[in-house]
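So you can see what is in the structure, the chains are spelled out below.
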Amino acid sequence: MNYSFNFNAVSFEPLLKGLIVTLELTLAANAIGLTFGFLVALLIMSRIAAIRLPAMLSVEFFRCTPAIVQIVWFFYCVPMLFDVYLDSMTMGILALGLNLTAFNAEAYRAAIQAVPREQLDAGIALGLNPFQRVLYIVLPTAFRASIPVLLTNGIGIFQQSALVAIVAIQDLMYQGKSLATETYRPIETFTVVALIYFAVSFPVTQIVGYLERRRQLLMS
Amino acid sequence: MTMSFSPPLVKVESLHKSYGPNIQVLKGLDIEMKPGERVVVIGPSGGGKSTLLRVIMGLEKIDSGSITFGGKPYISSAGRDKKTIIDTEVRRSIGMVFQHYTLFPHLSVLQNLILAPCKVRGEKKEIAIKRAQALLERFGLAAKANSYPAQLSGGQKQRVAIARALMLDPKLMLFDEVTSALDPELVAEVEQVILQLAAQNMPMMIVTHDMWFARNIASRVIFCAGGAVVEDGPPEQVLGSPKEERTRDFIDRVFHIRQ
Ligand SMILES: Nc1ncnc2c1ncn2[C@@H]1O[C@H](COP(=O)(O)OP(=O)(O)OP(=O)(O)O)[C@@H](O)[C@H]1O
Ligand SMILES: [Mg+2]
Numbered sequence: 001m002n003y004s005f006n007f008n009a010v011s012f013e014p015l016l017k018g019l020i021v022t023l024e025l026t027l028a029a030n031a032i033g034l035t036f037g038f039l040v041a042l043l044i045m046s047r048i049a050a051i052r053l054p055a056m057l058s059v060e061f062f063r064c065t066p067a068i069v070q071i072v073w074f075f076y077c078v079p080m081l082f083d084v085y086l087d088s089m090t091m092g093i094l095a096l097g098l099n100l101t102a103f104n105a106e107a108y109r110a111a112i113q114a115v116p117r118e119q120l121d122a123g124i125a126l127g128l129n130p131f132q133r134v135l136y137i138v139l140p141t142a143f144r145a146s147i148p149v150l151l152t153n154g155i156g157i158f159q160q161s162a163l164v165a166i167v168a169i170q171d172l173m174y175q176g177k178s179l180a181t182e183t184y185r186p187i188e189t190f191t192v193v194a195l196i197y198f199a200v201s202f203p204v205t206q207i208v209g210y211l212e213r214r215r216q217l218l219m220s
Numbered sequence: 001m002t003m004s005f006s007p008p009l010v011k012v013e014s015l016h017k018s019y020g021p022n023i024q025v026l027k028g029l030d031i032e033m034k035p036g037e038r039v040v041v042i043g044p045s046g047g048g049k050s051t052l053l054r055v056i057m058g059l060e061k062i063d064s065g066s067i068t069f070g071g072k073p074y075i076s077s078a079g080r081d082k083k084t085i086i087d088t089e090v091r092r093s094i095g096m097v098f099q100h101y102t103l104f105p106h107l108s109v110l111q112n113l114i115l116a117p118c119k120v121r122g123e124k125k126e127i128a129i130k131r132a133q134a135l136l137e138r139f140g141l142a143a144k145a146n147s148y149p150a151q152l153s154g155g156q157k158q159r160v161a162i163a164r165a166l167m168l169d170p171k172l173m174l175f176d177e178v179t180s181a182l183d184p185e186l187v188a189e190v191e192q193v194i195l196q197l198a199a200q201n202m203p204m205m206i207v208t209h210d211m212w213f214a215r216n217i218a219s220r221v222i223f224c225a226g227g228a229v230v231e232d233g234p235p236e237q238v239l240g241s242p243k244e245e246r247t248r249d250f251i252d253r254v255f256h257i258r259q
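Chain order of the listed sequences is Z and C.
First residue of the first sequence: 1, per UniProt numbering; consecutive thereafter.
First residue of the second sequence: 1, per UniProt numbering; consecutive thereafter.
Chain C with its partners taken away, still in its complex shape (with noise of 0.2 Å):
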């Protein structure tokens, strides 16, 4: 027997979470998201993609809840006072990347990339700029190892990001519009790097704007609006002929189909 029962990689179970008595952004949310699964957020503005994110991330207090995490309790709002308790350890097998830039300004992008293996996993300094060398040399910033993230283009220090969470050999990997704030030459340089960790099956969520990068890069597109999962398919269904009024409009609206 070879097959075997695998959980699924992340689980969340009616998740509600806001921000404040009065706003209410995530309302009751469930995703199954399995190993190996690339899953493209897309919904309109305010409708809670980056929160969803965060809160997987386990940067966000939820109101209730629970995500378990390759079958592993995660997180969970427990007790009388409802307290978010996030399990930390099974938190550092997940990474992020930002929509706004997020490289530490005082230290080299060498610096950027070792701290977190140095300091949070102990690793010794010499193997974990082997390794950063070879991961900056894999996307094509060896020529920046000692440059401070000011010297970097917009998409490079996007890279540099990228390339700063995956030495933490994460699990899954969430992309908040990573591209977003890039002028549009350099969107095409991080979206290629995103596609090469797609190529070696790295499970990610990623919220995106870009049609067609959205196309090549999901298997699996959830439309969210207003705080709950709309519609959830595969890419040529969700993009391509959605079920939903809202997912259509929406589509139609934001991606403008260039057909």
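Pulled out of the complex, with its shape left as it was, chain Z reads as follows (with noise of 0.2 Å):
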């Protein structure tokens, strides 16, 4: 191969513009899959099967579905269908808050679910009622159990995010892509934009294999 590489063609002032759109997008839906999948969660436990049933299909349909198709959808066909027009930002914000949302209600409701039955006995033997139960054992084991989970998705939420340059939210990959087009460099800058993404990624990944290490010795 005698392909000479050339850097210098790759200018970050665009580059860190997208980052920064894609940083606003992580963080957003992050807040949305944060909230809303904590009470999606609810729903899909409830004993109520009407609550209960649609619950769970939305919950399958955004983990069964690819995330592309529903980001398409949703540009596409929302608009449509309920006579909605906001800004591709919003639109952007909300696919990706919607799917995260469908992956961390599950993982609430497995960390949920796996507070074990004893300390619940101890619960009731130190007189808790049901309410205060579920505020003071079963939500903090939860929440703290579900921590690398949660940032598991949030920074997959971040990857995942580069789709949106297809309907033209003005991301990293976005950037990235007219980038390569404007200076026939597409080598370069896509190495470049992959290694911004890796930069973020992988610190995060690091932390989460630390609490899930931690933990591991918390519970033994």
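Treat the hints with care, as some may be off.
[Unchecked claim] SDA-like cross-link-like pairs, simulated, lysine to any residue; straight-line CA separation at most 20 Å: (1) C/Lys61 x C/Gly226; (2) C/Lys119 x Z/Gln170; (3) C/Lys119 x Z/Gln132; (4) C/Lys171 x Z/Asp121; (5) C/Lys124 x Z/Tyr136.
[To be verified] Pulled a few chain C residues facing chain Z out of the computed Cβ check, cut under 7 Å: (6) Met57; (7) Arg92; (8) Met96; (9) Phe104; (10) Ala116.
Because the hints were derived from the structure by calculation, they are not lab data.
From the three backbone atoms N, C-alpha and C, an ideal C-beta is built for every residue, glycine too.
Work from the hints to combine the two standalone chains into their complex.
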């Protein structure tokens, strides 16, 4: 191969602007996913089938369809079906946020249901009422247990957010594509883009690994 | 007249309990426990000892029968659908320590102790902390007040669990094999704490496989097998010279009498 690399052609300014948009998307989607994910988790654990089943079905829908299909569907179908026209950034946040909501709901549910029965028995023996048992035993234990998965899901959305470039949101991926076209330097540009995604994701995955190891120690 | 009629502390009458349609565990159990008694329940694995304690703690539904506490109705099964009715007010006067560790892992030792007093009884935090520190001191755990359960040994965890139950001033303590998950060298420190409570006349019901402990703690021993009481009497009799064949077999087999 006699390709001569020229990284000087890659200008960082548009990439940095793109990264900021990507981070905005990620943070906003996580805010949605963390709060609504919890509410949906409560719905999918409801004893009332009329609440539980639709909630479960929607969660499975988001988990069993490609994120890119969800994004495209959201951008083209929602305005037509519901006659709402939002700016593309809001739409992107909503699409990613709903996707994350589904995954986080499952994380919360698994963590809540993994609280050992003995803990709840002890709560009853100590005279805590059902509401207090949830508030003081189940939720604190479950929140801690779910943190590694929530972080993994959250950083997953950071990566998935690259998909919104196809609906013209000017995120890191979009800026990378334009830059590659302008400079005729796709190899250099996309290498830098990949490294930027990596530089943000890698520390988070390391933190997740640390938290999981520490948790195993604490639980033993 | 100083003598007065005192009702039994616990009265269990024809208690039936099953898990699902096919697992009948307690089959018409009757037990009457007087105030101040320390009842040790022994019996073969699967005989329903844990189930009995869990029912008395109000953790399980029952099929039929009733339990009174201090003469007051506590647990009964009533109505056409045999719903279990538990008086939660009465339940608060009973404390229990389990075989598995049940300290709340996200709370420090001190927080474990004051959670229920503050939230259930509305006790002032400062007062609860004072009482907790006094209890921890008594159990040799003062230095561990701010540790988390994961930083404690098994024996320390069980002693904290006992202290946690005592914070609510129970009128009856239930202990279900609280030392059987411990390394042998840690058993004594937990048993000492329970003996200390016994010396203060705390009424208790204890399930244990430890012969030495049973002899030293019991004022009465019940041998329970097949979901019913087989033999019931003072420890010297039930452990020393049991009347029933099944009791004798069990004690020979399980306790390996070292004499
Ligand atoms: N939650 C449950 N669901 C179904 N069956 C159960 C449950 N808990 C206990 N059992 C069954 O009920 C029977 C009595 O169990 P229990 O734990 O009361 O016995 P035990 O006398 O405490 O035995 P061990 O000495 O082994 O602790 C056993 O056959 C057990 O398998
Ligand atoms: Mg048992």
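So, going through the hints one by one against the coordinates:
1. C/Lys61 x C/Gly226: Holds - the C-alpha atoms of C/Gly226 and C/Lys61 are around 19 Å apart, at most 20 Å.
2. C/Lys119 x Z/Gln170: With Cα atoms ~52 Å apart, C/Lys119 and Z/Gln170 exceed 20 Å; violated.
3. C/Lys119 x Z/Gln132: holds (8 Å)
4. C/Lys171 x Z/Asp121: holds (19 Å)
5. C/Lys124 x Z/Tyr136: holds (18 Å)
6. Met57: This hint holds: C/Met57 lies near chain Z, its Cβ roughly 6 Å from the closest one there, short of 7 Å.
7. Arg92: Where the cut-off is 7 Å and the nearest Cβ of chain Z is about 4 Å from C/Arg92, the hint holds.
8. Met96: Where the cut-off is 7 Å and the nearest Cβ of chain Z is about 4 Å from C/Met96, the hint holds.
9. Phe104: holds (6 Å)
10. Ala116: holds (4 Å)
The structure fails to meet hint 2 from the earlier list, while all remaining hints are met.
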